[in-house]
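Number of protein chains: 4
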Amino acid sequence: MCLLFRLYFLARRMHLSWVKSALVLWRNIMIKVGIAGITGYTGEELIRCLYQHPKVKISSLYARIEKPIHFSSIAPRFNKKIDLMCEPLNAEHMGDNCDIVFLALPHTVSMEFVPFLLKKGKRVIDLSADYRIPKDSYELWYKHEHTDSENLTQAVYGLPEINREKIKGAKLLSNPGCYPTSIILGLAPISKLISQCLIEPIIDSKSGTSGAGKKAEASFLFTEVDENLRCYKANEHQHIPEIEHFLSYEAGANIKVHFSPHLLPVRRGIMSTIYLNHESFSSIENIQKMYNDFYKNEPFVRVRPLGKFPEILDVAETNYCDIGIKFARGMLIIVSVIDNLLKGASGQAVQNMNIMCGFDEKEGLF
Amino acid sequence: MCLLFRLYFLARRMHLSWVKSALVLWRNIMIKVGIAGITGYTGEELIRCLYQHPKVKISSLYARIEKPIHFSSIAPRFNKKIDLMCEPLNAEHMGDNCDIVFLALPHTVSMEFVPFLLKKGKRVIDLSADYRIPKDSYELWYKHEHTDSENLTQAVYGLPEINREKIKGAKLLSNPGCYPTSIILGLAPISKLISQCLIEPIIDSKSGTSGAGKKAEASFLFTEVDENLRCYKANEHQHIPEIEHFLSYEAGANIKVHFSPHLLPVRRGIMSTIYLNHESFSSIENIQKMYNDFYKNEPFVRVRPLGKFPEILDVAETNYCDIGIKFARGMLIIVSVIDNLLKGASGQAVQNMNIMCGFDEKEGLF
Amino acid sequence: MCLLFRLYFLARRMHLSWVKSALVLWRNIMIKVGIAGITGYTGEELIRCLYQHPKVKISSLYARIEKPIHFSSIAPRFNKKIDLMCEPLNAEHMGDNCDIVFLALPHTVSMEFVPFLLKKGKRVIDLSADYRIPKDSYELWYKHEHTDSENLTQAVYGLPEINREKIKGAKLLSNPGCYPTSIILGLAPISKLISQCLIEPIIDSKSGTSGAGKKAEASFLFTEVDENLRCYKANEHQHIPEIEHFLSYEAGANIKVHFSPHLLPVRRGIMSTIYLNHESFSSIENIQKMYNDFYKNEPFVRVRPLGKFPEILDVAETNYCDIGIKFARGMLIIVSVIDNLLKGASGQAVQNMNIMCGFDEKEGLF
Amino acid sequence: MCLLFRLYFLARRMHLSWVKSALVLWRNIMIKVGIAGITGYTGEELIRCLYQHPKVKISSLYARIEKPIHFSSIAPRFNKKIDLMCEPLNAEHMGDNCDIVFLALPHTVSMEFVPFLLKKGKRVIDLSADYRIPKDSYELWYKHEHTDSENLTQAVYGLPEINREKIKGAKLLSNPGCYPTSIILGLAPISKLISQCLIEPIIDSKSGTSGAGKKAEASFLFTEVDENLRCYKANEHQHIPEIEHFLSYEAGANIKVHFSPHLLPVRRGIMSTIYLNHESFSSIENIQKMYNDFYKNEPFVRVRPLGKFPEILDVAETNYCDIGIKFARGMLIIVSVIDNLLKGASGQAVQNMNIMCGFDEKEGLF
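Just so you know, the sequences run in chain order A, B, C and D. For reference, each letter of the first sequence is one residue, going 1 to 366 in full-length UniProt numbering. For reference, each letter of the second sequence is one residue, going 1 to 366 in full-length UniProt numbering. For reference, each letter of the third sequence is one residue, going 1 to 366 in full-length UniProt numbering. For reference, each letter of the fourth sequence is one residue, going 1 to 366 in full-length UniProt numbering.
Because the hints were derived from the structure by calculation, they are not lab data. Some hints could be false.
Since copy identity is lost for identical chains, a pair holds within one copy or between any two.
BS3-like, lysine-lysine: derived pairs with alpha carbons at most 27 Å apart [stated by the list, open to error]:
id	residue 1	residue 2
1	LYS308	LYS214
2	LYS120	LYS166
3	LYS168	LYS362
4	LYS55	LYS362
5	LYS362	LYS32
6	LYS256	LYS67
7	LYS67	LYS32
8	LYS308	LYS143
9	LYS55	LYS81
10	LYS192	LYS289
11	LYS168	LYS81
12	LYS233	LYS214
Predicted model, so just to flag it, every value in this text is computed and none were measured.
Just chain A, same shape as in the assembly:
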């Protein structure tokens, strides 16, 4: 099977569509995926998506545990669906059992596994921040040495709307951060305009708590978060370099942003409210058209009619990014919403896998 899988990738890269077709038709081909980090929220969400995926077989699960343990005792909500052991994190086991490995691990842990897996010829989809931004930027913002610069330069940033072609051939896919996904998608259609006019967008983001992961910290207790709102890391969040790097990449020129996140009392969802203030904007209808055109063929981005904003519940439990724009009193306001666990993490990872494997991009997603 593993051989078949490699043949398939080879055929795709060489545009041997007849081989590809033959392989796809051969009924037995199911990609074997492994998921590392299944005790976290993104790991669990990956299982939900991949379990429904008709071309995928979840072959193994990994977590930071000492001994193998049956998955049902970790996550009873998957009983009668997933009947697998969860294994301790182990690169060799991953290499022996998976065609593609999803790493839903904390930052700095992913880079311990990537080199080995790539050497084994596996495809890796990394949901951590380890392979998103250049080494110097990473070390500055994440305050940790990067020990795998070789693969870092090879990694493909997995935001399909601006990088689909490169994703098709990716061996190491670096899945975008949640805030950056909502913000880059909210600004990509006008990135050139922003850089030309030297505008510095002001971004006020609000995120649900699942973005903080499942670690036991008093500040994320229900009693501390419920009925509350908290502004944190204002204009110094580690997602800033990622946002600026890929917006600049899309614009072909440097863009600087101001980004301040807030912790919302909701479980999932991100809203980014983006403010752009400049006298030289072309007509607002023009800008609306730029958004409509940019996302016309995108399966997972929806642009609202001019002046209408989406809400978090419009995209919760889906892989969509919904965007609305409005012009009022000289200010261009853009609202972009995603489900932080889906389009902001696991859903996008599956979308990337679909692109990498030549599957329908919407498979396994809602």
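Following the hints, complete the assembly by docking chains B, C and D onto the known chain A.
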């Protein structure tokens, strides 16, 4: 008693402190207050504050009802505390039974009662928007004719931190809006700087649902608000003229702001995150000092140490406005939080009453 | 197509498996379903399930509106998925355009449409209470005359775990209530024991707010529900006769229950905590075994190990009913949880459709 | 001052009302209270109540810290109110600086401090479980040796509604648990009836999360609690012996209860829904009258009219216990609600202090 009350006010205005003292000492003096609109959230909160106030007797309650009804059947949570009938809205009844009337009524309803009450010599504290901004501004933003321009020009805007002296002699006090309170307090110490540098602050506010009142609308149902976030009336909310009017008043020059509110899934509380971007800022320590100095003697404003932001739960169920400022990557960020029902409405109304009556400003408040 | 569909049903009823197989194989067969009442929460959830269903084509949508309106303007969260007009409720239009009609309408409205649709030979899946319980019981508890007693006696109660065989041949399927689903499934395995021992189970249920529908009532506002808990209709809720009727049906003898629901500050989910107190219980291991055996082959019921209780989040966004049982201090305690919009309404309706049409029972469901 | 305080207590015990009066009139008498455990929710709530109390001076604060630290840096929400250092837990410091010490410490920690403080002649109000129930019961249910059996037998259980006379003279007051408060108050008026009829009440309680304290455990994270409901320790919670002990004490005969708590997604509040099933109940009007009579003169218990149930929001942020009773289909149902941090902990502790000191029982409470 009513006579005494007038004598008291007269003495205060004429600075006859000995008469005032004599009157205050006379044990029996308790101001009789009436509250109109007690079925709404602000009306109920007024009762909570005034019930605890040692100088006040709640003498009558009013609501938009047909026939008198016992208050306990409307609000069982005041049983064993308040044993009063609730009367239909009736200006004459108010005039006969109260020294001060709090109007917690919807916009456009207040102005039906104010002229009569003032003519009767009563003090009025109006929580609606009817007497906050000039007639033309009101009619433009509230889309309703203003039928009491005479008293509108006499009304005193009740934000103690910028208007305390005028409040002392107010007959008609116009209590500020919830968003404007959080925003004006967040910017007042640097209002001159803002106008001089021609900065247009960008304000991203987030409010709990009690600000929307108790009207039965599908968009405020629990199922529609919970786990959601909604940006509404972006840069076209009717509080904009109030914010600009009084910030400009404080600065002595015109100030323009950009203001976009969001509906949070919390019951009470407002956070305003304010962004100011300008190269000519003096040192951030200087700005912090301006805040510390401006609010040094204020009983209900607290400034955090530089770089620390307050959260909504820091002020929930209190009359405080907490403010934090931070400078990062060229951007000045100010976070201002209040409880929308207290400092943003009923608490501030009681603070204003305390100032008008010469009581300790903190009486009845926490 | 319609003809094909009838042939298919005929074949199934006559056990002509070869005809059935031939028809199924014929690639074009896709059942055309219509959904009436799509502005409510159950209507929307039906669309979510059926949109993902490989054997179904959503052919038409209906709501209580005056004129046709594009569905995207009602529910932007289905943009790029559903591109349909929503029509006013109209029995003839339903009859002309659908093979199966789902009625997600309020009680008493369904029975206006059912007679016509059945006469037209359509299958109807009714999510209201109109066809669940006998006429006299209905009129007593729902305080409304039942005008379609003829079809009422023909309707099949759609709780697959106790009625699967009858569901296969149903023309009019009456989908169970949300509370009854959680409770009947929680007690069915020991229903005989309950009736023999004359136990009257005490049931304390807690439901999310989506169960109350989208009607604008002040008591369901966020500000009234959040941070609150409310016990309502204690031991006099209209679901009592449904629970008793079908538990008795399953036991073959009369069972009386005590049922008190509470309104939880969550959007979706029901937990029923059930107390049974009787000295004559056989061993608890025996009872656990009765549950395990009863649900062994059920795709959507999961029994926890003895002493372990499920939580609402274990089943939210799924069609599962999870059940845990425990024995402590002489009391048998059963906890049963469902998502009220899925297993408690739309998910179960789709499960029933799958059974009626001979599809895989899990199709379209998670 | 300390001497004065002892004189005052002595005078009260000896019914020397003239001494008492003289002392009270002497303006300077203010009781010095210390609060140990101020980083927890109950500690903070004690500060809120005592800060407003006209007869009390908060003289010192203690927490499990290494070095003294200014309280404002722990709890900025008390800035401009409390200007005190917080000291490490230290019995001698408490003894030197306080007339009364409130211990808001975890179970097993309180008993390290009580013996010393009592020896020093201080009054102690202990909010932990350490002095509530007999030694054998404590050691069985709390699984920890009790090292202070001497004082345990002297401790007075501080539920004023059943124990007011003893509380007046208490030196060591043991403040009731939150669940027991809601349940004992819900059943006390009919405790004799319950014991006579051998009824075993079934109690389904639901509590907000602040009851679990501020410890960082993953199961209390917002993402794990929000939109969820969890039944835990069903019929084996450590509050069972406390409930049975004091209900039996009130009835004068043994009472057994069945008690199962649930964790609600709200910050504060407890609802206990209590089921009693017995044919021999006297008329329901009789029972309602028993409740009305029992609580007629109680300042903090309110009985609703027959058939009306209170909600959590009716008592949130107050010291009330609201109770409603209803009879339906042969079942007596009682709903009792409290704020777990006030009547369920800190508010009741202050109520007890008021009784112990001869103050108005409502002082400092709302």
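Hints, verified against the model:
{"no.": "1", "hint": "LYS308 <-> LYS214", "in the structure": "between (34 Å within a copy, 22 Å between copies)"}
{"no.": "2", "hint": "LYS120 <-> LYS166", "in the structure": "within (21 Å within a copy, 55 Å between copies)"}
{"no.": "3", "hint": "LYS168 <-> LYS362", "in the structure": "within (15 Å within a copy, 33 Å between copies)"}
{"no.": "4", "hint": "LYS55 <-> LYS362", "in the structure": "both (12 Å within a copy, 18 Å between copies)"}
{"no.": "5", "hint": "LYS362 <-> LYS32", "in the structure": "both (19 Å within a copy, 23 Å between copies)"}
{"no.": "6", "hint": "LYS256 <-> LYS67", "in the structure": "neither (47 Å within a copy, 44 Å between copies)"}
{"no.": "7", "hint": "LYS67 <-> LYS32", "in the structure": "within (22 Å within a copy, 50 Å between copies)"}
{"no.": "8", "hint": "LYS308 <-> LYS143", "in the structure": "between (40 Å within a copy, 22 Å between copies)"}
{"no.": "9", "hint": "LYS55 <-> LYS81", "in the structure": "both (16 Å within a copy, 21 Å between copies)"}
{"no.": "10", "hint": "LYS192 <-> LYS289", "in the structure": "within (15 Å within a copy, 40 Å between copies)"}
{"no.": "11", "hint": "LYS168 <-> LYS81", "in the structure": "between (30 Å within a copy, 25 Å between copies)"}
{"no.": "12", "hint": "LYS233 <-> LYS214", "in the structure": "both (19 Å within a copy, 23 Å between copies)"}
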